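**Student:** Sequence:
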Amino acid sequence: MTYVVTENCIMCKFTDCVEVCPVDCFYEGENTLVIHPDECIDCGVCEPECPADAIRPDTEPDMEKWVEFNRKYSELWPVITRKKDPMPGYDDMDGKPGKLEQYFSEAPGEGD
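Mapping the sequence shown onto full-length UniProt numbering, position 97 (from 1) lands on 97, and the numbers just tick up by one.
Because the hints were derived from the structure by calculation, they are not lab data. None of the hints are false.
Distance condition first, Cα-Cα at most 27 Å in a straight line; then the derived DSSO-like pairs of lysine-lysine:
no., residue 1, residue 2
1, Lys84, Lys72
2, Lys96, Lys83
3, Lys83, Lys72
4, Lys96, Lys84
5, Lys96, Lys65
6, Lys72, Lys96
Computed from a predicted structure; not experimentally measured.
I would like the entire structure built from these sequences, with the hints used as guidance.
**Tutor:** Following this line, the structure appears as structure tokens:
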């Protein structure tokens, strides 16, 4: 099992989760985060820290695409281990459907 970041992180990018991760397996894109599924130790401490409820276990239905999404971008983006401010306008974006198709950016974030 592993945990993965899902669509609701896009355009919110809360980073409360990265501070509690004991293995630093979060990676930062321009407008979202991902978890490297091969580095995650399945401890689950990140899941309750996410204000957007965007971190889910891969054992939930239909998570295969998110495991691959997280794997792909964690190999391209820089690691992030410290908390930053969420994205501007996150209040309006939290829970908005269709964020992957409309807003996702493949560009890397700044990392640490």
